[in-house]
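Produce the complete structure using the sequences and hints provided.
Protein chains in written order, with our numbering: chain A, 1 to 414; chain B, 1 to 72.
Simulated from the structure, these hints should not be mistaken for laboratory data. Please note that a few of the clues may not be correct.
Some, not all, of what chain B presents toward chain A, calculated at C-beta under 10 Å [said to hold, decoys possible]: (1) I22; (2) V25; (3) R26; (4) W42; (5) C52; (6) W55; (7) A59; (8) R60; (9) L63; (10) A66; (11) I67; (12) T69.
Quick caveat: nothing in here was measured; it's all calculated off a predicted structure. Note that CB positions come from ideal geometry on N, CA and C, so glycine has one too.
Each chain, written out:
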Amino acid sequence: MAMETSLESPAPVRQVANAIAGWVDRLGAVWVEGQVAQVNRRPGMSTVFMTLRDAVADISVTVTCSRTLFDGLNPPVVEGASIVVHAKPSYYANRGTLSLYARDIRMVGLGELLARLERRRQLLAAEGLFARELKRPLPFLPGTVGLVTAPNSAAERDVLENARRRWPAVTFEVAYAAMQGQRSAAEVIEAVERLDRNPAVDVIVVARGGGSVEDLLPFSDEALIRAVAAVRTPVVSAIGHEPDQPLLDLVADVRASTPTDAAKLVVPDVAEEQRGVTHARDRVRGAVRAWLAREQAGLDALRSRPALADPRTLLDARLDEVAQLRDRARRTLGHALDRAADDIGHHRARARALSPLATLQRGYAVLQDADGHVVTSVAGVAAEQQISVRVADGRIHATTTTTETLEETHAEEG
Amino acid sequence: MPKKAEQPADTPSYEAAREELIDVVRRLEAGGTTLEESLALWERGEALAKICQDWLDGARQRLDAAIETEDE
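Here it is, written out as structure tokens:
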């Protein structure tokens, strides 16, 4: 029902207000989802005012509800909580304000919240923000460690203490940010980007102690996830305890289960590394020493072999051989000589038996003329002839004087 | 400092010397070589053993030296 107005016949405020009220009513009751930004619950007032903020856009609306309804809610509505309200837009003509009058408020159940988170995770995963190949390795020895955490929080202490215990020379660049509530996501983004711009910072740790799913909600904030995906410096997400798994864990290059664990991941334990190096060096030396010992033993064994250690064994072998040969030679020679000697002896005996010597020894003598012929008869022997007489032990040289023939009976032939 | 440097360039490598030494000992023990050959073999064996020992001494010196400088 458009209103007919004109410069000449303008409509009074109340008429415009009523018209607006009418149009507003036409929306009717709707289920609205949003995040409770502020809650004004003053004692004595029957109506509670809340500001409901859109989850993504920066738009919010006032929600009013009766105090009895508000107080009856379990779990109670807290700032930052996500809720779904069944409300009817109402235009408060007197002051021209619009608000949603809530007749039913439902806490966004944990299941609902998680379900919504899951949908958001799948959305971002589909975009490849969590892709494994995007994960950057952490520097082994970071120059400066960027830390995004709440001022003087347990998380900050855990990270700093543990890192320093492992490597006293570590330097930190801490960027404080609200780690809970409305401003948290935005502040963390700003802190992370500031650290990322700092060239000295080699790794950024986002650390926060434990908390409820709602408390950790900012760390699943889409804008934060996109910001972390965009930074160049490797990011370590250390949010809550082991079971907590905000989306930041998925987009970060490394997920640490706790702030303490993050300290262990970003900083090497120098003492441990030192032990490792010493251990490795000792093993190397041990190996070389063992090799040397083995080779030395092998060489000693070789050198101790008789063939090398005592060449005399070689010569001895030959000496023995020669000695044996010599002995055999001598023995055979000896035998030969013996036999020869026997043989000679035998012949000599025979010779001697046949030899006139024995006869000579019996007193006979043998006459030989100058030529050595044996004189067997006086014939042919002249006087004054040189003759030699062979007696047993020698010869007598004589000159004949006379010769005399004797008649003897013929002795048997010798 | 390392003994290895003093040896003439054509010194066989440690492994080569060691292999030949094993062969010399084997042939000497097998016998059947003339006196002349076994003497020559024996002399070669002694020379090879010295070469191997020099290599090992050199290695040991270098190891001890490295450890010494380390522990100062």
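Kindly indicate which numbered hints from before are broken by the structure, ordering the numbers from low to high.
12
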